[in-house]
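Please arrange chains B and C on chain A, whose structure you already have, making use of the hints.
Chains as they are written, first to last, in my numbering: chain A, 1 to 267; chain B, 1 to 262; chain C, 1 to 257.
What the hints contain is simulated information worked out from the structure, not anything from laboratory work. A virtual CB, placed ideally from N, CA and C, is assigned to each residue, including glycine. One should not assume that every hint holds.
To be verified - Here are the simulated DSS-like pairs of lysine-lysine, each with C-alpha atoms no more than 30 angstroms apart in a straight line:
hint : chain 1 : residue 1 : chain 2 : residue 2
1    : C       : K140      : C       : K196
2    : B       : K198      : B       : K243
3    : B       : K88       : C       : K6
4    : C       : K88       : B       : K95
5    : B       : K95       : C       : K13
6    : B       : K12       : C       : K88
7    : B       : K230      : C       : K88
To be verified - Have a look at the derived ranges for each label pair, beta carbon to beta carbon:
hint : chain 1 : residue 1 : chain 2 : residue 2 : range
8    : C       : Y18       : A       : K261      : 19 to 29 angstroms
9    : A       : L253      : C       : Y84       : 35 to 45 angstroms
10   : B       : E31       : A       : M1        : 33 to 43 angstroms
11   : C       : L236      : B       : V188      : 56 to 66 angstroms
12   : B       : E137      : C       : F168      : 40 to 50 angstroms
13   : B       : P129      : A       : K261      : 53 to 63 angstroms
14   : C       : F168      : A       : R45       : 36 to 46 angstroms
15   : A       : P201      : C       : Y84       : 38 to 48 angstroms
16   : C       : P98       : A       : L257      : 53 to 63 angstroms
17   : C       : R2        : B       : D195      : 28 to 38 angstroms
18   : A       : G203      : C       : G52       : 25 to 35 angstroms
19   : C       : D221      : B       : W109      : 44 to 54 angstroms
20   : C       : G182      : B       : N82       : 41 to 51 angstroms
What the hints assert, rightly or not - Here are some chain B residues the structure puts well away from chain C; computed CB gaps all over 12 angstroms:
hint : residue
21   : F43
22   : L80
23   : T206
24   : A252
25   : F256
26   : Y257
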Amino acid sequence: MRKYLAFFRLRFSMGLQYRAAALSGVITQFAWGVMEILMFRAFYRADAEAFPMTFQATASYVWMQQAFLALFMVWMMENEIFNSITDGNIAYELCRPVDIYNMWFARSLANRLSRAVLRCMPILVVTIFLPAPYGLMRPVSFSAFLLFLLTLFLGLWVTAAFCMLIYMTCFFTISPMGVRMVATSVVEFFSGAVIPLPFFPDGFRQVAALLPFASMQNVPLRIYSGDLAGKEMWQAVSLQIFWLFALTFIGKLLNTLAMKKVTVQGG
Amino acid sequence: MITMQHVCKTYKVSKRDAGFSSAFKALFHKEYEYIHALDDVSFTISDGEMVGYIGPNGAGKSSTIKILSGILTPEQGTCLVNGMTPWKNRIAYVKNIGVVFGQRTQLWWDVPVMDSFELLKEIYRIDTPSYRRTLTELTEMLGLSSLLQMPVRQLSLGQRMRCEIAASLLHDPEILFLDEPTIGLDAVSKLAVRDFIKKRNQEKNTTVILTTHDMQDIEALTDRVILIGKGSILLDGTIEDIKTGFESTEEALAAFYRSHHI
Amino acid sequence: MRLYGKYFVIHLKSVMVYKTSFLLTCIGQFLVSFNVFLGVYFMFQRFHVVEGFTYNEALLCFGITLMEFSLAETFARGFDLFSYIVNKGEFDRILVRPRNEILQVLGSRMEFSRIGRIFQAIVMFAYGFAVSDVSWNLLKILTVILMILGGSVVFGGLFLIYASICFFTTEGLEFMNIFTDGAREYGKYPVCIYGKRVLQLCTFMVPYALIQYYPLLYLLDRGKAYYSLLPVVACLFLLPCLLLWKLGVRHYTSSGS
Chain A
1 MRKYLAFFRL RFSMGLQYRA AALSGVITQF AWGVMEILMF RAFYRADAEA FPMTFQATAS
61 YVWMQQAFLA LFMVWMMENE IFNSITDGNI AYELCRPVDI YNMWFARSLA NRLSRAVLRC
121 MPILVVTIFL PAPYGLMRPV SFSAFLLFLL TLFLGLWVTA AFCMLIYMTC FFTISPMGVR
181 MVATSVVEFF SGAVIPLPFF PDGFRQVAAL LPFASMQNVP LRIYSGDLAG KEMWQAVSLQ
241 IFWLFALTFI GKLLNTLAMK KVTVQGG
Chain B
1 MITMQHVCKT YKVSKRDAGF SSAFKALFHK EYEYIHALDD VSFTISDGEM VGYIGPNGAG
61 KSSTIKILSG ILTPEQGTCL VNGMTPWKNR IAYVKNIGVV FGQRTQLWWD VPVMDSFELL
121 KEIYRIDTPS YRRTLTELTE MLGLSSLLQM PVRQLSLGQR MRCEIAASLL HDPEILFLDE
181 PTIGLDAVSK LAVRDFIKKR NQEKNTTVIL TTHDMQDIEA LTDRVILIGK GSILLDGTIE
241 DIKTGFESTE EALAAFYRSH HI
Chain C
1 MRLYGKYFVI HLKSVMVYKT SFLLTCIGQF LVSFNVFLGV YFMFQRFHVV EGFTYNEALL
61 CFGITLMEFS LAETFARGFD LFSYIVNKGE FDRILVRPRN EILQVLGSRM EFSRIGRIFQ
121 AIVMFAYGFA VSDVSWNLLK ILTVILMILG GSVVFGGLFL IYASICFFTT EGLEFMNIFT
181 DGAREYGKYP VCIYGKRVLQ LCTFMVPYAL IQYYPLLYLL DRGKAYYSLL PVVACLFLLP
241 CLLLWKLGVR HYTSSGS
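Okay, chain A solo, but in the shape it has when bound (with noise of 0.2 angstroms):
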């Protein structure tokens, strides 16, 4: 355990050196959030009986996506894992005497999370101090607030877990980039990164809910507005725990025969 925290420890100092780029990540997120809740706004005022949430509840979702945009987006994956499958520098690792899974898994929540600790301040103290419907509103209830931070970190970890997946697809196929663009792109839609889940329409939406990437950034992010609760909440929340292990089963699964194979075939 104590040499997974120490790569932790390296990911996460190597991400505070980067003042500037936390700063300018800042901006472009403020930028971001604006735009979002503008385009609602508009929609809003279109019709607001068809507005599936509150107005209050939408600004609140997109705000907290834009803090904690670095645990959620899949698109963060590392270059560099990529670039040691397929340049076989893979061979390296493999001499130290670790867990390629466990050391990649750590890496990428290290790297997450310190992206997220130096981003999520500055956004949530200003939005929460904007005007009524397009601040971050206060969590609805002490309870709800225990059970969306319990939820963000189940979220982080299924999120890291199949982004696990995808490194260890790139052993098995041609293309590695194809595959990241493609389940990027799917993950992104079927999460509710370009419109929160509750805008899908009927019937899409009830199978979207059942999927692992339901299980990300939407369980934590409605649970804090209370636009998820009741026993809809403690379905998604028993989702997530089941998600969490079956991806990590499949992934551990897929790392042994992908370590297989790199043995046998020497990359």
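Only chains B and C this time, still in chain A's reference frame:
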């Protein structure tokens, strides 16, 4: 004719220490330090001369080459190459120079070498008869005939370097800058490259300035060496000047560096 | 121009070496933006109309914006990847050649795989074109062409700004995404839906509205005739971009890194 007089160049770089706490500190405060890459450098090189420009890593070699090829503007000093100041009127100036960066390629990776050459013909606006003449010449001297139709990615490093040198000479420049042209090459390719540079210098009277870490390059090619360390010229003479009393040039050079604390 | 042609041919040849990979990337490009399209489709399923624009009209708008952006990305890719070009020392090579730097950077990269996205843009536009009840005439078709050209120029200018900043720092340039990727993302709807303030910014600061919203109004018979010429005005945006570029090159040659 190349003259450099009292040229100075300083860089500003940010300091960065290792470790968690200093990384955190750097979030709020950055420190800079100034590095004198070139400190009052002067020399003259006449037409048709071949000069080895040597020094340890970070001594200011590549800054000098960059200034001479018009990429870098020094903050002090003058520099005249065939009557022109390199960093003024870039486009007119660079027509007369050829540059080989040993560690980078200027050829297009996925297409035959010939295609890269054709593109360079267009870039330098070389007229067809002289292009043909130069190409035939270079092909013969560097033994490229079997390589021209091959895509660059299939060439060995030595083959690629030969093509690289040819690419830098297609427009028949009067001055050639070679930045570590033999780096990473096997013995045969090294000899071929050296041989070619020597011939080119003798037959065409091309002025050649060569940076390298390979002392055999220097011994084989140049009579004159300019040795630079910490931004100043430490020696302008022949390799024999420092070699006396040592078995090999490498040892002599290492001892020389030590005596100057670099 | 002849030199640019040569560059073009070399890129085409390079692409042909990896046909399968190229095809896959094209498909990937198509899928990535299909995502956004699906979002638009779902929103209109629910709301039908936004700020007086119907689904078909929004598709016209989205198609044109996507095409403008993708064209700029195909041909000005060298500026988009400029931090890489500087870091790898490729710009040094460009400086030792007797040709204009901008032309050489443009020639150094062309990203033909964006055809996947251009293709999607064309499909969307064609669909919007077919189902919307806009009466088409020669002048309107000319307006569309002006929009696409003007838009590519504006996006090209933005890439040029990005590249110019790379001369000073390669850290923290993420905010430029607001103006490039952000404009592509949010340009899927007519600029006016984001409110008056945004419309003003997009008219006078970065002229997105001049290549999207105003000429679109003209196409839909809701705007004045001179709106059709605004994309030409938008091209003036290139002037400050070029100035910044000159400054950047000067900084590069004096700092050398």
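Hint numbers not upheld by this structure, sorted from lowest to highest
Failing hints: none at all.
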